Amino acid sequence: MSAVVDTLRLTAEEALALVERGDVSPAELHAAYLDAIGERDAELHAYLRTVEYDGATSIPIALKDVISTKGLETTAGSRILEGYVPVFDATVTSRCRQAGLSVLGKTNTDEFAMGSSTENSAYGPSRNPWDPARVPGGSGGGTAAAVSAGLAPWGLGSDTGGSVKQPSALCGNVGLRPTYGTVSRYGIVAFASSLDQVGPVAKTVRDVALLYRIVSGRDPADSTTVELSEPVELPTSERLDGLRVGVPRQAVALEAIEPGVRAAFHSSLALLGELGAELDECDLPLSFDYGMPCYYLIAPAEASSNLARYDGVRYGRRSDGATYRETVERTRDDGFGDEPKRRIMLGTYALSAGYYDAYYGQAQKVRTLLVREHAAAFERFDVLATPTSPTVAFPLGDKAADPLAMYACDLLTIPSCLAGLPGLSVPCGFSEGLPVGLQLVGPQFGENALFRAGHAVERALELDLVPERLR
Amino acid sequence: MSTWEPVIGLEIHVQLKTRTKMFCRCRVGFGAEENSQTCPVCLGFPGALPVPNRTAIEWVVKLGLALGCEIAERAVFARKNYFYPDLSKGYQISQYDLPSCVNGNMIVSLAEGQHEIGIVRAHLEEDAAKNVHVGGRTGRIGGAEYTLVDYNRGGTPLVEIVTAPDLHSAEEAKRFLQLLRQTIVELGISDAEMEKGTLRVDANVSVRPAGSEVLRTRSEIKNMNSFTHIARGIDAEVARQIEVWESGGEVEQHTYDFDVGSGALTARRTKEEADDYRYFPEPDLAPVEPPAELVDRLRFELPELPAARIARVMKKLDHDRALVLVTGGLDRLWEATVAAGADGVAASNVIANQLVASGARPGAVDPTELAKLVDARERIPRATFAEALGKIGDHGFSAEPYLAMESVSDTSELEPIVDAVIAANSAQVEQYRGGKEGLLGFFVGQVMKETKGRADPRVVNELVRARLAP
Numbered sequence: 003m004s005a006v007v008d009t010l011r012l013t014a015e016e017a018l019a020l021v022e023r024g025d026v027s028p029a030e031l032h033a034a035y036l037d038a039i040g041e042r043d044a045e046l047h048a049y050l051r052t053v054e055y056d057g058a059t060s061i062p063i064a065l066k067d068v069i070s071t072k073g074l075e076t077t078a079g080s081r082i083l084e085g086y087v088p089v090f091d092a093t094v095t096s097r098c099r100q101a102g103l104s105v106l107g108k109t110n111t112d113e114f115a116m117g118s119s120t121e122n123s124a125y126g127p128s129r130n131p132w133d134p135a136r137v138p139g140g141s142g143g144g145t146a147a148a149v150s151a152g153l154a155p156w157g158l159g160s161d162t163g164g165s166v167k168q169p170s171a172l173c174g175n176v177g178l179r180p181t182y183g184t185v186s187r188y189g190i191v192a193f194a195s196s197l198d199q200v201g202p203v204a205k206t207v208r209d210v211a212l213l214y215r216i217v218s219g220r221d222p223a224d225s226t227t228v229e230l231s232e233p234v235e236l237p238t239s240e241r242l243d244g245l246r247v248g249v250p251r252q253a254v255a256l257e258a259i260e261p262g263v264r265a266a267f268h269s270s271l272a273l274l275g276e277l278g279a280e281l282d283e284c285d286l287p288l289s290f291d292y293g294m295p296c297y298y299l300i301a302p303a304e305a306s307s308n309l310a311r312y313d314g315v316r317y318g319r320r321s322d323g324a325t326y327r328e329t330v331e332r333t334r335d336d337g338f339g340d341e342p343k344r345r346i347m348l349g350t351y352a353l354s355a356g357y358y359d360a361y362y363g364q365a366q367k368v369r370t371l372l373v374r375e376h377a378a379a380f381e382r383f384d385v386l387a388t389p390t391s392p393t394v395a396f397p398l399g400d401k402a403a404d405p406l407a408m409y410a411c412d413l414l415t416i417p418s419c420l421a422g423l424p425g426l427s428v429p430c431g432f433s434e435g436l437p438v439g440l441q442l443v444g445p446q447f448g449e450n451a452l453f454r455a456g457h458a459v460e461r462a463l464e465l466d467l468v469p470e471r472l473r
Numbered sequence: 005m006s007t008w009e010p011v012i013g014l015e016i017h018v019q020l021k022t023r024t025k026m027f028c029r030c031r032v033g034f035g036a037e038e039n040s041q042t043c044p045v046c047l048g049f050p051g052a053l054p055v056p057n058r059t060a061i062e063w064v065v066k067l068g069l070a071l072g073c074e075i076a077e078r079a080v081f082a083r084k085n086y087f088y089p090d091l092s093k094g095y096q097i098s099q100y101d102l103p104s105c106v107n108g109n110m111i112v113s114l115a116e117g118q119h120e121i122g123i124v125r126a127h128l129e130e131d132a133a134k135n136v137h138v139g140g141r142t143g144r145i146g147g148a149e150y151t152l153v154d155y156n157r158g159g160t161p162l163v164e165i166v167t168a169p170d171l172h173s174a175e176e177a178k179r180f181l182q183l184l185r186q187t188i189v190e191l192g193i194s195d196a197e198m199e200k201g202t203l204r205v206d207a208n209v210s211v212r213p214a215g216s217e218v219l220r221t222r223s224e225i226k227n228m229n230s231f232t233h234i235a236r237g238i239d240a241e242v243a244r245q246i247e248v249w250e251s252g253g254e255v256e257q258h259t260y261d262f263d264v265g266s267g268a269l270t271a272r273r274t275k276e277e278a279d280d281y282r283y284f285p286e287p288d289l290a291p292v293e294p295p296a297e298l299v300d301r302l303r304f305e306l307p308e309l310p311a312a313r314i315a316r317v318m319k320k321l322d323h324d325r326a327l328v329l330v331t332g333g334l335d336r337l338w339e340a341t342v343a344a345g346a347d348g349v350a351a352s353n354v355i356a357n358q359l360v361a362s363g364a365r366p367g368a369v370d371p372t373e374l375a376k377l378v379d380a381r382e383r384i385p386r387a388t389f390a391e392a393l394g395k396i397g398d399h400g401f402s403a404e405p406y407l408a409m410e411s412v413s414d415t416s417e418l419e420p421i422v423d424a425v426i427a428a429n430s431a432q433v434e435q436y437r438g439g440k441e442g443l444l445g446f447f448v449g450q451v452m453k454e455t456k457g458r459a460d461p462r463v464v465n466e467l468v469r470a471r472l473a474p
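Those protein sequence lines, which keep their order, are chains Z and D.
Here our numbering runs 2 ahead of the position in the first sequence, where the first position is 1.
Here our numbering runs 4 ahead of the position in the second sequence, where the first position is 1.
In short, the hints are calculated from the structure, not lab data.
These figures come from a predicted structure and were not determined experimentally.
Where hints are given, some of them may not hold.
Partial chain D-side listing against chain Z, Cβ under 7 Å, derived [what the hints assert, rightly or not]:
| no. | residue |
| --- | --- |
| 1 | 48 |
| 2 | 51 |
| 3 | 53 |
| 4 | 55 |
| 5 | 83 |
| 6 | 93 |
| 7 | 95 |
| 8 | 280 |
| 9 | 282 |
| 10 | 304 |
| 11 | 332 |
| 12 | 333 |
C-beta: ideal position from N, C-alpha, C; glycine also.
The following block holds chain Z by itself, in its conformation from the complex:
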């Protein structure tokens, strides 16, 4: 444990206050986290690389390795980007720097953010601070493990189908996937462009809201971004009177949800009621029946195109061949792991002449229906509630050989991602001694309502979210 601060318990808000008051210098704080990393990360492997303090004026932050950092290697967990050092910062990186945040390091991720356990990282898996035999979730398992184990006060991940929310749930953090278009994707190594969204991970809802305030807003370099319709509010209220919470019948009915997770979820619904919220069931039949297949057509299709630039010609890894074609084939064969290859093949197929209408085209139509179905639900509700993940953290290797079982981890997070909607995962209890996450989904630009609801739950529960074995 560091002499300066207890990084295990320190929230970002508290850290900011310490620096503001001059109790701790930014350099000391940065060093304290590097010490903690030195102490615990050999076991957890949350970080792919760390950085010395660079003169920043505020607190540190961890960045998922899909986020470009100027002058600092960015690999997206892939061998094909080994040695690639960006010449530019992602917009979110520069916004963090402008806010005075110092980059602590780059955190581990499933290769190109494809996975739900970080076991697909070419640099080895990360481990769950609650039980190192278990996965931290994914793809943003590195950031989640780092925040949970006190190796960063907060961090940024990227969420395509659940990569911020699911690991946050499995590690006992708060994680936000924002409304599509509210955070710039410029400089984020792309997986599936119409779904990728950068989101904050932290110990508290207020921390998440603070970080969202820093990174959100229109960016001229990303023409799919918009200005927030209302400023980010830091939640204060501990009551939820009048908040209308919908519980999708089809989500709760999923057999994949473990009993322990179900129990924690139901008690958090009861809590929402006690806090003054009005609960009712709702129907999202298409979303939970077709969300998953729809996602696994659209995301791989876009990925197959996004990953085409890795040809060994301009940057990253190259495996030389006798001809251009052979060089490209060898580079990609050597550089990509199994999961990117699987998705490139799926996506290439879905976009092929003669199959486009049946697969990609059809999936886009289904996606439109999911958007409408969600919009209809938000005419009656302010927030929808489901568990974030059907299970708690599972043992390493458990699903690694079964892609479909791995894909099922995102059953509950995918539908709202397809609809472009914000989702917040908040710890809501434990099962088998492991954290369970409550997913709160809002309408477009509904982040403030999610923060209010999440904050009230957090305050009412007062869970100790420092992993038991590290206390």
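Starting from the known structure of chain Z, arrange chain D on it as the hints suggest.
The following block gives chain D in isolation, referenced to the frame of chain Z:
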């Protein structure tokens, strides 16, 4: 033997002369140091995103309006996926099923009347980079030792224009292209120069028995870098196809390169599999939805177009003269000069040749004065006429003083001068009569000098010859 009708469609790429590239703010330029006009976006670095160039979007709308197209209220950028080193992202951003402009036409004026050429579509896309194949004899990829890539051109805005297969001769194709090029140049959106590659043309060619409505297998001709080459390439391919059909064969779908030196067509190696570009809507870009007010404004600002002007000029002149006037920006002066009373052909000759050579700016010329000069051009000395044209662009120019200097052709006025010249140069007279007939010019010159150039040289010639006859 039946007669054959060629069926030709063109695919034209025009590089827009916007200041910056299509999806990043790198400079567009020709001749800069290799890879100096690049950034993370046009180099396809991980995470870099395209942001469309507003000017390019306006210009494609402008061009679409000039080509009589419907302007899409919602056009969509799409990714065209394929691997090639000149393609930094592994896909080209283009427009596919929802292009910016569709269903237009352009009227080509022919001797036998006007012919409407359909424009299927005009869409925006980004140009590829430039591969430089090093080693090997041909400079082509086959046989090269290695390839360098210059990404300066990568991402330059391109408009692709696709015509319907409405053209039926090489000559018609050439006229269409001349007209299209002039339209593009006048809109100010591109220099459209084939030799610089800012205008590129591929031709799809087939033939069918005259009178038939069925389209037969076509071939594609690429790499033609002037209008003349295009016409030659089309003629060569038409002849080849007719020969194939007439000898009982079957034309196969092929792509040919036109060899400038030999004028021959060489077939490209056939690919093993068909291209599948796996087009899908570009998720990094919002659809292009030009506001109605913008389209209306651009429509309102459209100048009178070359096609209409050529058609009008051709009521009085042949196509070649009309084309020269319109492409030279001289047609408006010609029309005004003719309106002021000048003969059409004479005015066209004077304007397109002498006036241009004199360096006078067409816009500064008073057509009424020009008409007077054109009318008098056979009556006044050539030197006087040239002098007048040299000054016609000056402010307040009047033709009157020049018109007053009509040539002297009256023999009674010229004879005494000729006699005086002969009397004053007896030595030369001696030589001339001794056989040195080349001295004729000397005497004529002396007479011209005495008359300050006003004498009609033909009359002087005859007089001198008669007087010196032994």
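We went through each hint and held it up to the structure:
1. Interface restraint check for residue 48 of chain D: the shortest CB-CB distance to chain Z comes to about 5 Å, inside 7 Å, so the restraint holds.
2. For residue 51 of chain D, the suggested interface contact is upheld, since its CB lies about 4 Å from the closest CB of chain Z, less than 7 Å.
3. Annotation: interface hint on residue 53 of chain D holds; nearest CB of chain Z at approximately 5 Å, less than 7 Å.
4. Here the hint on residue 55 of chain D is kept, as its CB sits about 5 Å from the closest CB of chain Z, short of 7 Å.
5. For residue 83 of chain D, the interface hint holds, since its Cβ comes within 7 Å of a Cβ in chain Z; the closest pair sits about 5 Å apart.
6. For residue 93 of chain D, the interface hint holds, the least distance from its beta-carbon to any beta-carbon of chain Z being 5 Å, beneath 7 Å.
7. With a least beta-carbon distance of about 5 Å to chain Z, the hint placing residue 95 of chain D at the interface is held under the 7 Å criterion.
8. At about 5 Å, the closest approach between the beta carbon of residue 280 of chain D and any beta carbon in chain Z falls short of 7 Å, and the interface hint on this residue holds.
9. Here the hint on residue 282 of chain D is kept, as its CB sits about 4 Å from the closest CB of chain Z, short of 7 Å.
10. Nearest Cβ of chain Z to the Cβ of residue 304 of chain D: about 28 Å, over the 7 Å cut. The hint is violated.
11. For the restraint placing residue 332 of chain D at the interface with chain Z, the shortest Cβ-Cβ distance is roughly 42 Å, beyond the 7 Å limit, so the hint is violated.
12. At about 39 Å, the closest approach between the beta carbon of residue 333 of chain D and any beta carbon in chain Z exceeds 7 Å, and the interface hint on this residue is violated.
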